[in-house]
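Undergrad: Here is how the chains run, residue by residue.
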Amino acid sequence: DTAVSQTPKYLVTQMGNDKSIKCEQNLGHDTMYWYKQDSKKFLKIMFSYNNKELIINETVPNRFSPKSPDKAHLNLHINSLELGDSAVYFCASRGPNYGYTFGSGTRLTVV
Amino acid sequence: AQSVTQLDSQVPVFEEAPVELRCNYSSSVSVYLFWYVQYPNQGLQLLLKYLSGSTLVKGINGFEAEFNKSQTSFHLRKPSVHISDTAEYFCAVIPNSGGYQKVTFGTGTKLQVIP
Chain A
1 DTAVSQTPKY
11 LVTQMGNDKS
21 IKCEQNLGHD
31 TMYWYKQDSK
41 KFLKIMFSYN
51 NKELIINETV
61 PNRFSPKSPD
71 KAHLNLHINS
81 LELGDSAVYF
91 CASRGPNYGY
101 TFGSGTRLTV
111 V
Chain L
1 AQSVTQLDSQ
11 VPVFEEAPVE
21 LRCNYSSSVS
31 VYLFWYVQYP
41 NQGLQLLLKY
51 LSGSTLVKGI
61 NGFEAEFNKS
71 QTSFHLRKPS
81 VHISDTAEYF
91 CAVIPNSGGY
101 QKVTFGTGTK
111 LQVIP
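Quick mapping for you: the protein sequence lines, in order, are chains A and L.
Per the working numbering, the first sequence starts with residue 1, numbered consecutively.
Per the working numbering, the second sequence starts with residue 1, numbered consecutively.
Next comes chain A alone, as it looks inside the complex (with noise of 0.2 Å):
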């Protein structure tokens, strides 16, 4: 019963290529999260979103997009990938009290 989870764990693909990521919450909370983290662990917020309404957009290149059909599910889908895309991408929930919730991520290795 995993809280949140995402899929794939690890994605391996060339530059130039689109790719997509998904997250999906089992917890019943509103909102939802894309976090990136970099090689030196440095944990930044990307976008989030309440109840399928976009409420947080970073300063993200516009090749990524993200998009949440419903409340339970937040994807995130980036276009022409970058050498310097590779990093550890975490979905996260947030419930009352300020739980957070994370899933174990999705490596992301650009070649």
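These are calculated hints, taken from the structure and not from any lab test.
In this text, a Cβ means the ideal position worked out from N, Cα and C, and glycines have one as well.
There may be inaccurate statements among the hints.
Listed next, with one range per pair, are the computed distances between beta-carbon atoms [stated by the list, open to error]:
no., chain 1, residue 1, chain 2, residue 2, range
1, A, Lys-22, L, Tyr-100, 20 to 28 Å
2, L, Asn-41, A, Val-111, 18 to 26 Å
3, A, Gly-84, L, Gln-10, 44 to 52 Å
4, L, Glu-66, A, Met-15, 30 to 38 Å
Computed from the model, here is a short list of chain A residues facing chain L with C-beta under 10 Å [as the list claims (entries may be wrong)]:
no., residue
5, Gln-6
6, Gln-14
7, Gln-37
8, Lys-41
9, Phe-42
10, Lys-44
11, Glu-58
12, Val-60
13, Pro-61
14, Phe-64
15, Gly-84
16, Tyr-98
17, Tyr-100
18, Phe-102
Got chain A sorted already, so can you dock chain L onto it with the hints?
TA: Chain L in isolation, oriented as in the chain A frame:
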């Protein structure tokens, strides 16, 4: 805007010894504070959080942290560490003004427990 400083990027400590991981923050508004742990190849797991009330907060796995408003610190402590505590630890803050606020993370401290 908020910022979080974790001064120690790595902390080696012998098994069964006490440990303190330091966290200082800067914010023009009041904040909530968190500590997360990340085991290798895993996501972040909440250790503890301070929202209000007692400034000494107890979390999972025997960890505790103390909120010091005057020193803007939220140091994490454990009296006796185990090998299984080897992981990356992140301090984080969020403005307590409600609404859709962003969590700001520190750069992490790698705790290495030596047998």
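Undergrad: For each hint, tell me whether it holds in the structure or not.
TA: Outcome of the hint check:
1. Distance hint check for A:Lys-22 and L:Tyr-100: the Cβ-Cβ separation is about 23 Å, which falls inside the suggested range of 20 to 28 Å.
2. Range check, L:Asn-41 to A:Val-111: Cβ separation about 20 Å, and the 18 to 26 Å hint holds.
3. Checked against the given bound of 44 to 52 Å, the beta carbons of A:Gly-84 and L:Gln-10, roughly 26 Å apart, lie outside it.
4. Hint check: L:Glu-66 to A:Met-15, Cβ distance near 48 Å, so the stated range 30 to 38 Å is violated.
5. For A:Gln-6, the shortest C-beta to C-beta distance to chain L is roughly 8 Å, which falls under 10 Å, so the interface hint holds.
6. A cut of 10 Å between beta carbons decides the hint on A:Gln-14: the least distance to chain L is about 23 Å, and the hint is violated.
7. Residue-level restraint check for A:Gln-37 holds (minimum Cβ-Cβ distance to chain L is 9 Å; threshold 10 Å).
8. Using the Cβ-Cβ criterion of 10 Å, the hint placing A:Lys-41 at the interface with chain L is satisfied: the shortest such distance is roughly 5 Å.
9. The criterion of a C-beta within 10 Å of any C-beta in chain L is met by A:Phe-42, whose closest approach is roughly 6 Å, and the hint holds.
10. Proximity of A:Lys-44 to chain L holds as hinted, the smallest CB-CB distance being about 8 Å (cut-off 10 Å).
11. Annotation: interface hint on A:Glu-58 holds; nearest CB of chain L at approximately 8 Å, less than 10 Å.
12. Checking A:Val-60 against chain L: minimum C-beta separation of about 13 Å lies over 10 Å; hint violated.
13. Given the 10 Å rule on beta carbons, the hint for A:Pro-61 is violated: about 19 Å separates it from the nearest Cβ of chain L.
14. Checking A:Phe-64 against chain L: minimum C-beta separation of about 17 Å lies over 10 Å; hint violated.
15. The restraint placing A:Gly-84 at the interface with chain L is violated, with a minimum CB-CB distance near 19 Å, outside the 10 Å limit.
16. Annotation: interface hint on A:Tyr-98 holds; nearest CB of chain L at approximately 6 Å, less than 10 Å.
17. The interface hint given for A:Tyr-100 is met, as the beta carbon of that residue sits about 7 Å from the closest beta carbon of chain L, less than 10 Å.
18. Nearest Cβ of chain L to the Cβ of A:Phe-102: about 4 Å, under the 10 Å cut. The hint holds.
The structure shown violates the earlier hints numbered 3, 4, 6, 12, 13, 14 and 15.
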